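> These protein sequence lines map, in sequence, to chains A and B.
Residue 30 in the numbering used here is what sits at position 30 of the first sequence, and the numbering runs on without skipping anything.
Residue 129 in the numbering used here is what sits at position 129 of the second sequence, and the numbering runs on without skipping anything.
Source of the hints: derived by calculation from the structure; they are not laboratory data.
A quick note: this is a predicted structure, and the numbers were derived from the prediction, not measured.
Be a bit skeptical, because a hint or two may be false.
Cut-off 27 Å, straight-line C-alpha distance, at most; resulting in silico cross-link-like pairs (DSS-like, lysine-lysine) [claimed, not checked]:
#1 B:K108 to A:K156
#2 B:K54 to A:K157
#3 B:K56 to B:K121
#4 A:K196 to A:K269
#5 B:K111 to A:K164
#6 B:K56 to B:K16
#7 A:K157 to B:K18
#8 B:K16 to A:K157
#9 B:K121 to B:K108
#10 B:K56 to A:K156
#11 B:K108 to A:K163
#12 A:K3 to A:K40
#13 A:K157 to B:K111
#14 A:K157 to A:K3
#15 B:K40 to A:K269
If you want the building blocks of each chain, they are given just below.
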Amino acid sequence: MRKVAVVGVGETRFSGAQEKTEVELFAEAAMDALNESSLKPKDIQALFLGNVLGDFAEGQGMVQAFAAENIGALNIPASRYEGACASASMAIRDAFMWVASGFYDIVLAGGVERAATMGTPLATRTFAMFSDARYEYPSGITFPAVFAMLAHLYSKKYGIPLKKLKEQMAAVSVQSYKYGMFNPKAHLRKEVTMDKVLNSFMVSSPLQLHDCCPFSDGASVIVLVSEEKAKKLTNKPVYITGVGQSSSGPLSNQQEYLPRLRAREISAKQAYDMAGLTPKDIDICELHDCFSIASLIAAESLGFFEFGKAGEAWERGEAGLGGKVAINLSGGLKAKGHPIGATGAGQVYEIVKQFRGEVEPERQAEGAKIGMTDTLGGDAGTLCNLILQRGW
Amino acid sequence: MEYKLTFKEYSEALKKNKVLGLKCQECGWINVPPKMACYKCASPNLDVVEMSGKGKIQTFTTAFVTSEGREDEVPYIIVLVELDEGPWIMGNLTDVDPNEATMELIDKRVKIGHKVFPGDKYSAGEGARPLFSLET
Ligand SMILES: [Zn+2]
Numbered sequence: 001m002r003k004v005a006v007v008g009v010g011e012t013r014f015s016g017a018q019e020k021t022e023v024e025l026f027a028e029a030a031m032d033a034l035n036e037s038s039l040k041p042k043d044i045q046a047l048f049l050g051n052v053l054g055d056f057a058e059g060q061g062m063v064q065a066f067a068a069e070n071i072g073a074l075n076i077p078a079s080r081y082e083g084a085c086a087s088a089s090m091a092i093r094d095a096f097m098w099v100a101s102g103f104y105d106i107v108l109a110g111g112v113e114r115a116a117t118m119g120t121p122l123a124t125r126t127f128a129m130f131s132d133a134r135y136e137y138p139s140g141i142t143f144p145a146v147f148a149m150l151a152h153l154y155s156k157k158y159g160i161p162l163k164k165l166k167e168q169m170a171a172v173s174v175q176s177y178k179y180g181m182f183n184p185k186a187h188l189r190k191e192v193t194m195d196k197v198l199n200s201f202m203v204s205s206p207l208q209l210h211d212c213c214p215f216s217d218g219a220s221v222i223v224l225v226s227e228e229k230a231k232k233l234t235n236k237p238v239y240i241t242g243v244g245q246s247s248s249g250p251l252s253n254q255q256e257y258l259p260r261l262r263a264r265e266i267s268a269k270q271a272y273d274m275a276g277l278t279p280k281d282i283d284i285c286e287l288h289d290c291f292s293i294a295s296l297i298a299a300e301s302l303g304f305f306e307f308g309k310a311g312e313a314w315e316r317g318e319a320g321l322g323g324k325v326a327i328n329l330s331g332g333l334k335a336k337g338h339p340i341g342a343t344g345a346g347q348v349y350e351i352v353k354q355f356r357g358e359v360e361p362e363r364q365a366e367g368a369k370i371g372m373t374d375t376l377g378g379d380a381g382t383l384c385n386l387i388l389q390r391g392w
Numbered sequence: 001m002e003y004k005l006t007f008k009e010y011s012e013a014l015k016k017n018k019v020l021g022l023k024c025q026e027c028g029w030i031n032v033p034p035k036m037a038c039y040k041c042a043s044p045n046l047d048v049v050e051m052s053g054k055g056k057i058q059t060f061t062t063a064f065v066t067s068e069g070r071e072d073e074v075p076y077i078i079v080l081v082e083l084d085e086g087p088w089i090m091g092n093l094t095d096v097d098p099n100e101a102t103m104e105l106i107d108k109r110v111k112i113g114h115k116v117f118p119g120d121k122y123s124a125g126e127g128a129r130p131l132f133s134l135e136t
C-alpha cells in the first residue's frame, strides 16, 4: 500500500436553509480544494461524493455525475456514498483505498447536503429513514429519540443521576458553542450558557434543543493524492495513516452493548491498529456530536476517557484546548453544523486547517501533529474513523 | 433461500398481539425481528417460535418533536423492552402520561399489545408496532 496525502481542502460555510443548489455548493468547495492543491479539474481521476438526501431536498438523484461535470472533471468515474451522516467519511475511506492501492494518483472526495433546506418536519422524517424502516419506524422513532434512549441507558448503566448527567451534557454543548463562535464556517455562532441549554425546549426527553445539532446546508471537499504526487504539490501534506469502518443492525438488536456502540469500537480499533497509535497519541479529534450525549459515548469508545467518566472530563476542561485531547475545536456538529453528506469531510477539513495553523487563535491547537475523525451514521448503522498526521 | 419469517407475517401476527421470533438451532438465541441468519452466531438454521410478549423496560424517551405526517401523535413514549426470552424490541408505551415519564419506568414489567402505523408515502404500506402496557 502506498502512503496517501490530503493536499487541499475546501468548504462552504455550513448554514441554515439557503438558495444555492447542491451542485453549486459542491463546486465552490471543490474548486477551493483544487486551487489549494495547485491542481486543475482535468487532473482529477475520480470523484467520491457523500450525499444522502438530495433526492428529497431538491429532487436530485445521482448528484455526483452532475457535480463532476459541473467542475470540469469531465467523464471521470463519479460515485455516490450513502451511509447516512457518515457518508463523506465512507467516501474518503474508499478514495484513500483506491489511491493507496495504486489504481489512482489524484482523486476528489467529500460531500454535500441541503438538510436545512428540507425544513424540520421533512428532515426529521428522512433522518428517521436511517433507523429500521419496518420494525422501528412504526413506533415513531426519530434521531433525537435514539440518543435520548441512550442517555437514559447511560444514566442507569453508569449510575449517574439524570440531573447530574444533564449538566455534563450541557457542558459539552457550551464548549462546542464556545469554539464555534470563532469559526467563520460555523452554522451557529453564538454564546450559549449552561442555563440556556438546560432551559431550552424538550425535543425528546431528556434531550433539549441545545443538546441537539442543527440541520445544515453545506459542502466540504478534499483532494487525496499519492505520496509521490504530494511531494511535488505541497510542503504541507497531511497523511491519512489509519482508517476504519464498521456497521450494525437495528438499534434494538445492539441491545446489551448499548449505550456503547460496538461498530465504533471496531472501526476505531482498525484505525488505531493501522496507524500503530493509541488514544493517548491523539492531539485533536473531531467527533460525531450529533447530540451532547453522543459526544460522551464517542469520547469513551475512542479511548480518551474511562466509560462513564467523559462528562466529568468535559466539565474539567480535559476535552478542550489545553486538555488531554482537544475535541471539536470547529464547534462540532452542534455549532459548526451538520450537512450530513458533507460532515465527515468537514471534520477532515478542520484537522488539516488545525495542523497548518490556519484557524482563529481562540480555537487553534498549538503544535498538533496527530488528529482523528469519528463519524456516525444512523444508530451506528455506519461508523467511520480516520487518523491523520502532519507530514512536516 | 426463502425468507422464513417475513415482515408481513411478523406484522400480521403482531396485530393479534403475538410476537414471533426465530430460534437459532445452533446457539439457541431467539431473533426478533426476524433475520435470514442469527444475529448472534450467523447461523441460517432458524425455527419460528412465539414469544410470551412479556418483558421489562430497558430505556425510554418521550418524543415531543416528530416526523412530517405524525404531528398529531406527540407527545408519545418510545421504549426498548427486553423480552423475557432475551431479545430487545422497540415499541410504544400506553397508560402512562408521556409528560410524566421518568427514569422510574426503567425495569418496570410490561406486556404486549399493538397499534398499527397506517403508513405514509415512503413506508411501502402499514406496519404493526408493539404497544406495551405496564403489568399490574
Ligand atoms: Zn445463533
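> For the pair supplied as a hint, K121 (chain B) and K108 (chain B), confirm whether the alpha-carbon distance does not exceed 27 Å.
Roughly 36 Å between the alpha carbons, so the hint for K121 (chain B) and K108 (chain B) is violated.
> For K16 (chain B) and K157 (chain A), compute the direct alpha-carbon distance and say whether it is at most 27 Å.
violated (34 Å)
> With a cut-off of 27 Å on the C-alpha distance, tell me whether K56 (chain B) and K121 (chain B) pass.
With a Cα-Cα distance of about 33 Å, the restraint between K56 (chain B) and K121 (chain B) is violated, given a limit of 27 Å.
> Given the hint that K196 (chain A) pairs with K269 (chain A), does the C-alpha gap stay at or below 27 Å?
violated (37 Å)
> What's the verdict on K40 (chain B) and K269 (chain A), does the C-alpha distance respect the 27 Å limit or exceed it?
holds (21 Å)
> Can you confirm whether the C-alpha distance between K157 (chain A) and K18 (chain B) stays at or below 27 Å?
violated (30 Å)
> Please work out if K54 (chain B) and K157 (chain A) have their alpha carbons no farther apart than 27 Å.
holds (22 Å)
> Take the C-alpha atoms of K56 (chain B) and K156 (chain A), compute the straight-line distance between them, and say whether it is at most 27 Å.
Satisfied, since the Cα-Cα distance of roughly 14 Å is no more than 27 Å.
> What's the verdict on K108 (chain B) and K163 (chain A), does the C-alpha distance respect the 27 Å limit or exceed it?
holds (21 Å)
> Is the Cα-Cα distance between K157 (chain A) and K3 (chain A) 27 Å or less?
Status violated; Cα separation ~42 Å.
> So if I understand the rule, the pair passes when the alpha-carbon distance is 27 Å or less; does K108 (chain B) with K156 (chain A) pass?
OK: K108 (chain B) and K156 (chain A) at ~14 Å, within 27 Å.
> Taking 27 Å as the top limit, are the C-alpha atoms of K111 (chain B) and K164 (chain A) close enough?
violated (32 Å)
This entry does not satisfy hints 3, 4, 5, 7, 8, 9, 14, going by the numbered hints stated previously.
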